[in-house]
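*Asks:* These are the residues of each chain, in order.
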Amino acid sequence: MERTADALLSALLAGNRRALARVISLVEDDAAEAPALLSALYAHTGRAHVIGITGAPGTGKSTLVNALARAYRAQGHTVGVIAVDPTSPFSGGALLGDRVRMRDLAGDPGIFIRSMATRGSLGGLARATADVISVLDAAGFARILVETVGVGQAEVDIASAAHTTVVVEAPGLGDEVQAIKAGVLEIADIFAVNKADREGADRTVLALQMMQGLAPATTGHHRAAGPPTPHARPQPGPQEDGSWLPPIQKTIALHGDGVDALREWIERHAAYLTATGGWARREATRAAAEIERILRDRLWEALLAGLPADCFAQTVAAVVRRETDPYTAATRLLTYAP
Amino acid sequence: MTERKIRVLIAKPGLDGHDRGAKVVARALRDAGMEVIYTGIRQTPEMIVEAALQEDVDVVGLSILSGAHMALCPRVIELLRSQGMDDVVVLVGGIIPDEDVEPLKQLGVKGVFGPGTSTGEIVEFIRQQVAG
Numbered sequence: 001m002e003r004t005a006d007a008l009l010s011a012l013l014a015g016n017r018r019a020l021a022r023v024i025s026l027v028e029d030d031a032a033e034a035p036a037l038l039s040a041l042y043a044h045t046g047r048a049h050v051i052g053i054t055g056a057p058g059t060g061k062s063t064l065v066n067a068l069a070r071a072y073r074a075q076g077h078t079v080g081v082i083a084v085d086p087t088s089p090f091s092g093g094a095l096l097g098d099r100v101r102m103r104d105l106a107g108d109p110g111i112f113i114r115s116m117a118t119r120g121s122l123g124g125l126a127r128a129t130a131d132v133i134s135v136l137d138a139a140g141f142a143r144i145l146v147e148t149v150g151v152g153q154a155e156v157d158i159a160s161a162a163h164t165t166v167v168v169e170a171p172g173l174g175d176e177v178q179a180i181k182a183g184v185l186e187i188a189d190i191f192a193v194n195k196a197d198r199e200g201a202d203r204t205v206l207a208l209q210m211m212q213g214l215a216p217a218t219t220g221h222h223r224a225a226g227p228p229t230p231h232a233r234p235q236p237g238p239q240e241d242g243s244w245l246p247p248i249q250k251t252i253a254l255h256g257d258g259v260d261a262l263r264e265w266i267e268r269h270a271a272y273l274t275a276t277g278g279w280a281r282r283e284a285t286r287a288a289a290e291i292e293r294i295l296r297d298r299l300w301e302a303l304l305a306g307l308p309a310d311c312f313a314q315t316v317a318a319v320v321r322r323e324t325d326p327y328t329a330a331t332r333l334l335t336y337a338p
Numbered sequence: 001m002t003e004r005k006i007r008v009l010i011a012k013p014g015l016d017g018h019d020r021g022a023k024v025v026a027r028a029l030r031d032a033g034m035e036v037i038y039t040g041i042r043q044t045p046e047m048i049v050e051a052a053l054q055e056d057v058d059v060v061g062l063s064i065l066s067g068a069h070m071a072l073c074p075r076v077i078e079l080l081r082s083q084g085m086d087d088v089v090v091l092v093g094g095i096i097p098d099e100d101v102e103p104l105k106q107l108g109v110k111g112v113f114g115p116g117t118s119t120g121e122i123v124e125f126i127r128q129q130v131a132g
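Residue numbers (my numbering), protein chains in the order written: chain W, 1 to 338; chain Y, 1 to 132.
None of these hints come from the bench; they were simulated from the model. All of these numbers come straight from a predicted model, not from anything done at the bench. Errors might be hidden in some of the hints.
[Claimed, not checked] Sample of chain Y residues with no beta-carbon within 10 Å of chain W, all distances over it, derived:
(1) Arg27
(2) Arg30
(3) Ala51
(4) Arg75
(5) Gly108
[Said to hold, decoys possible] Simulated restraints, written as ranges between beta carbons of each label pair:
(6) Y:Pro115 to W:Ala309: 29 to 37 Å
(7) Y:Thr117 to W:Ala318: 14 to 22 Å
(8) W:Ala261 to Y:Arg27: 18 to 26 Å
(9) W:Glu264 to Y:Gly114: 48 to 56 Å
(10) W:Ala32 to Y:Ala71: 41 to 49 Å
(11) Y:Gly67 to W:Leu295: 54 to 62 Å
(12) W:Leu307 to Y:Arg127: 26 to 34 Å
(13) W:Ala31 to Y:Gly67: 36 to 44 Å
(14) W:Gly172 to Y:Met70: 46 to 54 Å
(15) Y:Gly67 to W:Ala288: 28 to 36 Å
(16) W:Gln314 to Y:Gly17: 23 to 31 Å
(17) Y:Arg75 to W:Trp279: 52 to 60 Å
(18) W:Gly120 to Y:Pro115: 32 to 40 Å
(19) Y:Asp98 to W:Ala261: 27 to 35 Å
Glycine included, each C-beta is placed from N, C-alpha and C at the ideal position.
With these hints in hand, go ahead and build the complete structure from the sequences.
*Replies:* Take a look at the structure:
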């Protein structure tokens, strides 16, 4: 490793925030020094609790991250925040605006916020988000909050990057049918129904409970949707059979209501994972996803590097002229693989 | 291998709440392929420099319409220097009287852009400054 990279790493481990910011940039830009830096700092990782915050645009993810970070600081934990926003597919530029809602966190040396653009990734995170998590972990942050882009129904990368995934819902965004759909809702370890002071919050809670198969059957759509009777449902959290029933926590992030209760659920989930061996399984999932991604990137780069000039473009043109088909073309290109 | 993106922090220090200009510039820079971190209104110089450090930006763009530029700009530049961030390009946009432009540049502000500046001009200026 170059001496500058070595010095950066030492400074990062000693708590230098400028060095931390520089290392994140090198990792994000896939700079030449990045693989060696990440290799060297990996031994210092594995201490942080990584918490994903995901949900549709406008549910209040950034405001909730702001409030959660404050709640963690009140408990004495240091907090790293990664806020991901989309890159424009046309210009390659991005407008990263999550800091607007995180101004309360300014001036606290126990907090470090980094905005990331997706740079072409489609799973709700940026390509380098997992690596940036490692960097913040090595820098000693005890809790790492990862805010995904505003997601639809299928951006579930966060589940293989975080230990605990919080799916944020808000009243009025979808009916019960939306709640049954597969994807984002299935990755929740905890649901936060944010903006709970708005009309329809109870209906949103009910819809989530229905999805969990737990709402009382008497709730017809002509009845007022009040809170369901509690005795019919098992308590959320750890179950007797060793599974985890995702709790549904109402929050009003703007005023901080319910945020400490949410933080406590997140901590209880970590304790549950540790007690049941789930933590080790999630660590394995995270490591596998990371290795897979690196392998895919490297194989792709190696293949492209091995192709004769213009070979890819000529193949594309041949497919467009219907002289060959995409499958045959791909098989032929694979013969150039190293 | 991904290309290195130009990262720009757009901030509004001081107490005026008119952020339309800042948003127009932020959008133009995004459309020019840059990553723009937008921090919103009523930022203190300390908040701006902290954000610039964490985000490791190449450029800090300050939008000031309050008339307080001769107080705010020196403070931002001083704080950047105290963090060893002398290489960050500082730009100012907004209502800046002609007679203040030269003193601001003496302080280390690289570019001053008043009303009527085309966004293309700002994009070009940033590209040249960051490349050079």
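*Asks:* Could you let me know if the closest chain W CB is still more than 10 Å away from the CB of glycine 108 of chain Y?
*Replies:* holds, 19 Å
*Asks:* Using the Cβ atoms, figure out if glutamate 264 of chain W sits within 48 to 56 Å of glycine 114 of chain Y.
*Replies:* Since the Cβ atoms of glutamate 264 of chain W and glycine 114 of chain Y sit about 52 Å apart, the hinted range of 48 to 56 Å holds.
*Asks:* Return holds or violated for the Cβ distance of glycine 67 of chain Y and leucine 295 of chain W against the range 54 to 62 Å.
*Replies:* Holds, at about 57 Å.
*Asks:* State, for the Cβ atoms of aspartate 98 of chain Y and alanine 261 of chain W, whether the hinted interval 27 to 35 Å holds or is violated.
*Replies:* Since aspartate 98 of chain Y and alanine 261 of chain W have Cβ atoms about 57 Å apart, the given range 27 to 35 Å is violated.
*Asks:* Can you tell me whether the CB distance of glutamine 314 of chain W to glycine 17 of chain Y sits inside 23 to 31 Å?
*Replies:* With Cβ atoms ~57 Å apart, the hint is violated.
*Asks:* Given the range 41 to 49 Å, decide if the beta-carbon distance of alanine 32 of chain W to alanine 71 of chain Y lies inside it.
*Replies:* holds, 42 Å
*Asks:* Against the range 52 to 60 Å, how does the distance between the Cβ atoms of arginine 75 of chain Y and tryptophan 279 of chain W compare: consistent or not?
*Replies:* For arginine 75 of chain Y and tryptophan 279 of chain W the Cβ distance comes to about 46 Å; the hint is violated.
*Asks:* For the hint 18 to 26 Å, verify it against the beta carbon of alanine 261 of chain W and that of arginine 27 of chain Y.
*Replies:* At 38 Å between Cβs, range violated.
*Asks:* Looking only at beta-carbon atoms, does the pair proline 115 of chain Y, alanine 309 of chain W fall within the given range of 29 to 37 Å?
*Replies:* violated, 50 Å
*Asks:* At 10 Å, judged by beta carbons, does arginine 27 of chain Y keep clear of chain W as stated?
*Replies:* Given that some Cβ of chain W is not farther than 10 Å from that of arginine 27 of chain Y, nearest at about 7 Å, it is violated.
*Asks:* Taking the closest pair, is the beta carbon of arginine 30 of chain Y still more than 10 Å from chain W?
*Replies:* violated, 4 Å
*Asks:* For the pair leucine 307 of chain W and arginine 127 of chain Y, does the Cβ-Cβ distance stay inside 26 to 34 Å?
*Replies:* holds, 32 Å
Checked against the numbered hints given earlier, the structure breaks hints 1, 2, 3, 6, 7, 8, 15, 16, 17, 19 and satisfies all the rest.
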